[in-house]
Amino acid sequence: MKDSIIKKTAAYFPAFVSGILVILAFPVFDIYLLAWIAFVPLLVSLWGKTAREAFLSGYLFGVVSFFGTLYWIYHSVSVYGSIPFPVSICIVFLLCCYLGLFPALFAVLFRSMLKKTKLPALLIAPVIWVVLEFLRSYALTGFPWSSIGYSQYRFLPVIQISDITGIYGVSFLILAINGSFADLFLLKKRLREMPLFPLSYSIIGFSSLIILLVVTAGYGIWRLGQEREGHPVKTSVIQGSIEQDKKWEPVYQNEVLDIYSGLSQRAAETSPQLIVWPETAVPFFFDYDAANTGNLTRLQEGLGTHLLFGSVLVKERSLEKTLLSNSAVLLDKGGKTIYIYDKLHLVPFGEYVPLRSILFFIDKLVTGIGDYIPGSSYVRAGTEFGSFGTLICYEVIFPGLVRKFYTKGGDFIVNITNDAWFGRTAGPYQHFSMAVFRAIENRKPLIRAANTGISGFIDSSGRILSRTELFERRVLTGTVKTDNTLTFYTKYGDLFSYLCIVIFIILSINIKAWR
219 MKDSIIKKTA AYFPAFVSGI LVILAFPVFD IYLLAWIAFV PLLVSLWGKT AREAFLSGYL
279 FGVVSFFGTL YWIYHSVSVY GSIPFPVSIC IVFLLCCYLG LFPALFAVLF RSMLKKTKLP
339 ALLIAPVIWV VLEFLRSYAL TGFPWSSIGY SQYRFLPVIQ ISDITGIYGV SFLILAINGS
399 FADLFLLKKR LREMPLFPLS YSIIGFSSLI ILLVVTAGYG IWRLGQEREG HPVKTSVIQG
459 SIEQDKKWEP VYQNEVLDIY SGLSQRAAET SPQLIVWPET AVPFFFDYDA ANTGNLTRLQ
519 EGLGTHLLFG SVLVKERSLE KTLLSNSAVL LDKGGKTIYI YDKLHLVPFG EYVPLRSILF
579 FIDKLVTGIG DYIPGSSYVR AGTEFGSFGT LICYEVIFPG LVRKFYTKGG DFIVNITNDA
639 WFGRTAGPYQ HFSMAVFRAI ENRKPLIRAA NTGISGFIDS SGRILSRTEL FERRVLTGTV
699 KTDNTLTFYT KYGDLFSYLC IVIFIILSIN IKAWR
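Residue numbers (my numbering): 219 to 733.
Hints should not be assumed to be uniformly reliable.
List time: in silico DSS-like cross-link candidates among lysine-lysine, alpha-carbon distance up to 30 angstroms [stated by the list, open to error]:
no. : residue 1 : residue 2
1   : Lys-333   : Lys-226
2   : Lys-699   : Lys-554
3   : Lys-626   : Lys-699
4   : Lys-267   : Lys-225
5   : Lys-465   : Lys-533
6   : Lys-554   : Lys-622
7   : Lys-465   : Lys-267
8   : Lys-464   : Lys-554
9   : Lys-406   : Lys-226
10  : Lys-334   : Lys-225
11  : Lys-406   : Lys-336
12  : Lys-407   : Lys-333
13  : Lys-465   : Lys-452
14  : Lys-333   : Lys-225
15  : Lys-465   : Lys-225
16  : Lys-226   : Lys-334
17  : Lys-452   : Lys-226
18  : Lys-709   : Lys-452
19  : Lys-626   : Lys-551
20  : Lys-225   : Lys-406
21  : Lys-465   : Lys-539
22  : Lys-626   : Lys-709
23  : Lys-452   : Lys-554
24  : Lys-533   : Lys-551
25  : Lys-709   : Lys-622
26  : Lys-406   : Lys-333
27  : Lys-407   : Lys-551
28  : Lys-336   : Lys-226
29  : Lys-554   : Lys-626
30  : Lys-407   : Lys-226
31  : Lys-406   : Lys-267
32  : Lys-406   : Lys-533
33  : Lys-554   : Lys-533
34  : Lys-622   : Lys-533
35  : Lys-226   : Lys-267
36  : Lys-622   : Lys-551
37  : Lys-551   : Lys-452
38  : Lys-622   : Lys-699
39  : Lys-533   : Lys-464
40  : Lys-452   : Lys-699
What the hints contain is simulated information worked out from the structure, not anything from laboratory work.
Please build the complete structure, drawing on both the sequences and the hints.
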């Protein structure tokens, strides 16, 4: 009995190992090359499993890998949501249990196609994975965090293809390589258990993969070596490092403004064309609180440059309700408001409650939930030094949203955020790394201002030019080169992902033809 339990448990050990390897590939560990072999134990182990066992293996892999990369969510839930630590961990675990359904479904579909067709794993695995990863990015408002391609943000020659395929092309390559290793390990078993197994399928598959890798690397090296047209824009980002639990306290309000004022005046000494403050940097309702709004515009007049900052704006106020927006505001050199962008993609359970009539009780968990309303347009700011869209907080993790700002032009990207919610966890590091792909996909340099970090500058090839550390109060001044390139991805969006969906449907419908 004991031996049987040990044997059954050991059968799921490869899935657990794969989950751990995926965790190590992401920040803060950043051993990104592990991603190229991380799935091999899982893929190989699925060969001898039933559909139920495959589902459980994929589910274990998913829960482990997601929990290891998303554990940091507990920090904002526990510290700022006043929810006990054990309960906050359970909430994160429940989220991972939902996300684990996608790898579980992947494992079932992969095992089925591998058993019922003679197609190589290096084709089956990436097609199925990309389809499910793409669906996860949109299902239930979307949650693309921990997409495997993001682990490669430092592998610049490989990820340049993102300006054609988006992040999902990188995920495809990773799974294709993992699938090729699985093909090698499973070759003898498939030859033995599948009569007339055509080696030609594997040979053609390996040859095609090698060609794909050579083309990808060549394209990446070419892109990295390009001298791109554009002009320099000198920018200062202000990392105020304001404690999250104090920034909205009335007694702390003047101190917050003094901090940003002092840092901005120091930045102005270097004559930047633009100064950027983080998301909700001002601790008052801009243009509603007349006294503080006046103080801010007077400060701006003395800086002699443009100022972009995050603010909560009052959109509607009555005795019954107050409707707010999470917005970005740009003041010109004279203190005049010339641009306002209202955040389009709000954070579920942080800025609004999905299914509010059913989940009404969640209002009691986080102060202010449900008061925010989304914006309605992909508006860009126009200035003499270039035009830009402003992505607020986690909007930068949605490639389909970001590209819509630039389908008719644009010179650079600004991302303002407040990652103080996540403390000193892996969250801010992962958030920053995802911004690298938005720069490459749209060939736009990216300027990032974060309250507690990580702030920085990224060029249009994804190179991190400079960055701050967490909880550092400082001015970071840098120069980015504008880029008005209209990429294939910007123009056509997730065409590559749709192609994977079509291939998956064809394989599923004509599964008998591939036996």
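Hints that the structure is at odds with (numbers, increasing): Per hint list: 7, 15, 17, 27, 32 violated.
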